[in-house]
Amino acid sequence: IPEVKYFHMVNGVYDIIVKIEAKSIEQLKDIIGKKIRPLDHIKSTLTMLVIE
Numbered sequence: 001i002p003e004v005k006y007f008h009m010v011n012g013v014y015d016i017i018v019k020i021e022a023k024s025i026e027q028l029k030d031i032i033g034k035k036i037r038p039l040d041h042i043k044s045t046l047t048m049l050v051i052e
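Mapping of the sequence shown onto full-length UniProt numbering: residues 1 to 52, in sequence order.
Some hints here could point you the wrong way.
To be verified - Straight line, CA to CA, 20 Å or less: simulated PhoX-like cross-link-like pairs of lysine-lysine:
id: 1; residue 1: K19; residue 2: K34
id: 2; residue 1: K23; residue 2: K35
id: 3; residue 1: K5; residue 2: K19
id: 4; residue 1: K35; residue 2: K5
id: 5; residue 1: K5; residue 2: K29
id: 6; residue 1: K19; residue 2: K29
id: 7; residue 1: K23; residue 2: K34
id: 8; residue 1: K43; residue 2: K19
id: 9; residue 1: K5; residue 2: K23
id: 10; residue 1: K23; residue 2: K43
id: 11; residue 1: K43; residue 2: K29
id: 12; residue 1: K35; residue 2: K19
Simulated from the structure, these hints should not be mistaken for laboratory data.
Kindly produce the complete structure, drawing on both the sequences and the hints.
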């Protein structure tokens, strides 16, 4: 998935943290809904936006 810039496996409540770069909220929704959530072993996602 070219929009994924990095991911880290973590301990605790979540299993991985993924950084996705998108040009808009709509593009981000599309990437998560069509490319991330359909992957095997993805049970749920939580999206947090970085505002710089």
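Need the list of violated hint numbers for this structure, in ascending order. 10
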